[in-house]
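Protein chains in written order, with the UniProt record's numbering: chain X, 1 to 1039; chain D, 1 to 233.
Careful: at least some of the hints might be erroneous.
[As the list claims (entries may be wrong)] Estimated spans, in silico, between C-beta atoms of each pair:
id	chain 1	residue 1	chain 2	residue 2	range
1	D	S230	X	R37	18 to 26 Å
2	D	Q90	X	M681	31 to 39 Å
3	D	P164	X	E597	33 to 41 Å
Everything labelled a hint here was simulated from the structure, so no lab data went into it.
Where is the CB? At the ideal position from N, CA and C, for every residue including glycine.
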Amino acid sequence: MFKASNVLDSTWVNQSTSEIWSSISPLYSIDEDTWLRELMPLAEPKDQELQKAEQLATSLIEQVRADGDAIHMIDALLLEYSLDTKEGILLMCLAEALMRIPDADTADALIRDKLSVADWKKHLRNSDSLLVNASTWGLLLTGKVVSMDEREDGSPAGIINRLVNRMSEPVIRAAMQQAMKVMGHQFVLGRTISEAMKRGSDYRKKGYTYSFDMLGEAALTAKDAQKYFNDYMSAIEFTGNFQDPKAKGPRPSISIKLSALHPRYEVGQEHRVMTELYDRVLTLIQKARSLNVAITVDAEEMDRLEMSLHLFEKLIRSEACQGWGGFGLVVQAYSKRALPVLAWLNALAREVGNIIPVRLVKGAYWDSEIKLCQQRGLSGYPVYTRKEATDVSYLACARFLLSESVRGNIWPQFASHNAHTVASILTLASHRDFEFQRLHGMGDALYDRVLTQSGVTVRIYAPVGSHKDLLPYLVRRLLENGANSSFVHRLVDARCPIAELVQHPWTTLNSRQTLHNPNIPLPCAIFHDRKNSFSPNIEIESEWLPFRDSVSSFFTKTWSAQALINGQPHSGHPSHRVLAPHDHNLHVGEVSFANAELVSLAIRTAKDGYENWNKTSAHTRADALRRLGDLLEENLAELVAICHLEAGKTIQDAIDEVREAVDFCRYYANEAERISEAPMMLKDIDGHARPWQRQGRGIIVCISPWNFPLAIFLGQVTAALVAGNSVIAKPAEQTSLIAYRATELMLEAGIPDNAISLLPGDGAGVGAPLTSDVNINGVAFTGSTETAQLINRSLAARGCAPVPFIAETGGQNAMIVDSTALPEQVVNDAVLSGFASAGQRCSALRVLCVQADIADRIVELLQGAMVELSVGDPRLHQTDVGPVIDAEAQTGLLNHIEAMKKNAKLLGQTPLNAACKEGTFVAPTAFEINALSELGREQFGPIIHLLRFKASEMDSLIDQINASGYGLTLGIHTRNERTAAQIESRVRVGNCYINRNQIGASVGVQPFGGQGLSGTGPKAGGPHYVQRFTELRLVEELH
Amino acid sequence: MASLSDNRIANALSAWDAWNHQGFIKRSERLQKIHTQIPQANDVRSVGLLKHLLEQAATLEQIITLPGPTGESNELYLNGRGICLVSADQTSTYTAFLGQTFAALVAGNAVLLHWPEEQAWCEQLARLLHQAGVPEAILQAVSDLSLNQALGLDHLAVIACVLPMNRVIEINALIAKRAGLLVQMVAETDPVQCTHLLQPDHLSRFVTERTRTINTTAVGGNATLLELGSSAV
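Excised from the complex, chain X in its bound form:
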């Protein structure tokens, strides 16, 4: 492991970039305690440093608090409407969405949604700020008016009040729009760079300088990326040519966001990043250098760090940068990799002979980093889980940046609003070759003192652009990071003792019982009763490269499958070859389908197997499942390889497939123990209590689909097994190989030979004889609605008592988007929901219903995003969309596309490359339709149908969706929580997802299954599933 103290060792520091690079990636999610013990000595203050920093920080805070004019602009707003109050959150939510809503009705509804539920009165006159009080009066009046039309129980109040409300709406809307513009004015320095220059002139006279940023969303389309590029280019030109005679201090610079300059700034698309984005940034650099305007590359999410460093290195080694010290980047101290990254940058600067400006920030995406790691089951967190740990890291990095071996290589730019951090840096520094940075509108009073008293340059990071575009972005960052406990808030809050503010973070962290935050469990431990399934992070070199090699080692292997009964393989029909869906030249293995004799043998075996297995304790059965879960993880690489080759799954899809199977094993193991432990006393009709015990029902047939050939296969089988049944599994004929391998693992995990049988084959040869056999005590099925009906008839025709039939079938899944939604988020989620896994998920989006007022923008983004998709070999990291499963599926989808081309408007179709001809590919396609009735049955592939609706037609839209009879998943995108609740309660679906994508249900988190034509329930991965495979029997009858 990298030793933190190495950075103070000049021999180590003088190593080459390639030597230091190897220290970075392994720290990605290193154990936090281990790493912090390494890092802390670097941040530990010496006696004098501690005292001096405290004194200086105390003095700065006292001066700020003594200044009657210290609290204004955003500081004041945040102080009054701190984000731990309902009003603060509501205000920011309104600011995030209101300005982009084009239609009056939806805007009014959002205002009602946000303003009528808060207590604005309590904020009145709490603040000295005119802005805050003016806003509060407005909000108070507005909140009163908009809440007048309903009583507490929701019933309409007096007609007068309602009239006042309706008449007031245009006035309120105008007032709120104005209020948002005022807020926008506070957050954004200028709508144009010239306005920003003009507005910043007073600060420049004081000695401040600027880094301007045309902030905004990451670009989804090439067109948006071009727009951002043009904005940056104009900003560079204007800044370079602008002369402010009264300005003091260094020249302003420009900050750029790489994800705004390319629609696919992702590790999987690194080949495009290193060419297309490289060229684009190089052009900006050339222009900037010619005008002597420095450029800083902003930091983004942790997954992109290593790629961004690769790109930065390539750029700074280019001729355009040689001898120029104006190209820099941002490093986030909350990253565990921050210190070696700085050491690497130091070596890079030395090697290229340029000074590199480096802005050290604490980090801007903390909450989403934590959330993503938990969702993805990653090895740990790339960021610290305590705020004080980030502060410690910041000071450790600062000590290195201020050391002599860095001086002259890196130009440190310390960005912080924390007075203690500022004081510590001034104390640590033995020279003044660095600068401070602060955000526009924040920390004015603090930095006025720093500027005048320290002689250090202060640069203001200032957003520039239209309020409509920037305010939502800035507010989202604020909502995500602006905790009330942040220093900005506490600095101006006179109730917070100064002594608390000047405590050194090293002291604080050192006083904690653990260095990591025990309140934030690791991704593997987010469930209290089971281990979360694991995924390597394929965006991180240290995890991706070994995983890739491990998976690749199976690419030359072939597999074989046949019936597996009583632990023995049995050949039935002659074997046939299995070819990879993405390339029919690739031979994956051989499968022999079971014949009628083997079906009979499996039933006899299962009858025998049931007796003993059912008597085995629930605990023993559950343990076998847990072992199976562990075995699946141990065999992850092979299973991923089979998923690629047999099912055409992309890398992350294949990993998620195995994860879901693992989660099923662990979840159902717990469920079986929960429901089967002790007999339950139930009263009979005469009130006499008698003991009953849950038992397996007998033989369960599990018929699984090809689209989740491991997860659903094992989900059905393990639930039935752990309940005490013996199981005969019939996998989809297209995916027998992985089912065979999974069955081998079940046997290895301790499932008895005669409790599980595998019968590969088709519906006619295996499925039908099984479901028509009177010995079968239940069926679990996932597949088409039509096949479910056939099975149901087959079971019912047996002339014996009905048995449980659990069917998960198709859907005609919709996503409803109103005009408050964020278009970029909608399109990201629609593309993922509709095209991931080539649209071959039961939950996949089929109908994107968009409020007409924003439909044009959504269509534009969707078209642009579809062009950027990469369709091809699922084994490649760059591939977004793999093949469909076989020629039959392909033909059906292509026929639908051809038919739709005649009857509907084609919005877009992703181009396919020549290699796609070797397999069964269908290009992601989008059509616009006029009514839901234009669609017939579900098309199980990468096809989205867009439907516009008017705001006033929401109810009718919901009726149309319900009228389809399907009810599996629904996506909703709206910032109006009442709208979301109303839609959710009316649309009859099994799984509803609000403000996110609608695929990827997680076991035990989002139990999955539909209603109506979409399935019978109970939901897979839910608390009622295992129970359905059991029956209650009187204990006295069991013995």
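Fit chain D to the supplied structure of chain X, relying on the hints for placement.
Coordinates of chain D only, in the frame set by chain X:
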């Protein structure tokens, strides 16, 4: 099997959403007002069975909060399935028939009563329940139809019957021939002891599960996590 459209189905469908959204507790309370007053079924056993079912149903109101990653809320809750035909023949008891009817109603379904042998009693039962606040469209008698006609009604989601096993098997084969959604067969074959009605899994056959996932960070950020990050533990 040919499907049969009927005004009563249209009425039931139009009223079902509101009934379904009342919730288990409200429905249970509403039915508790009447459960001791049903003619022919006010004996201890009948009252005890209905009380048991209504108490069980009230517990289904609970929304289960599911664990998961930060920044997202996940909830599981239950709804009625839709339209339920409650059917019986001469072998049924009032107690068992009432049990199926109450189970279907309290679970949030619209109910069609079909007991040709007890047509008058069914109408009387319907009137009583309407007086107790069950909407007329939610509880309707269809005993005027033959069993085959009743089984062919459009939009049936559940058939709750009190019949001997051989009849259950027959009916199950008939309803399997229907097109459209798979109709759930919930049978009580023990009309005297009501063994199935008393089992804890019985009510779950009348409901469907729903999962609601909200990305809470989209509206209001992740204040809970931010607080955790600053916690002094």
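Now for the hints, and whether the structure bears them out:
| no. | hint | result |
| --- | --- | --- |
| 1 | D/S230 / X/R37: 18 to 26 Å | holds, 22 Å |
| 2 | D/Q90 / X/M681: 31 to 39 Å | holds, 34 Å |
| 3 | D/P164 / X/E597: 33 to 41 Å | holds, 37 Å |
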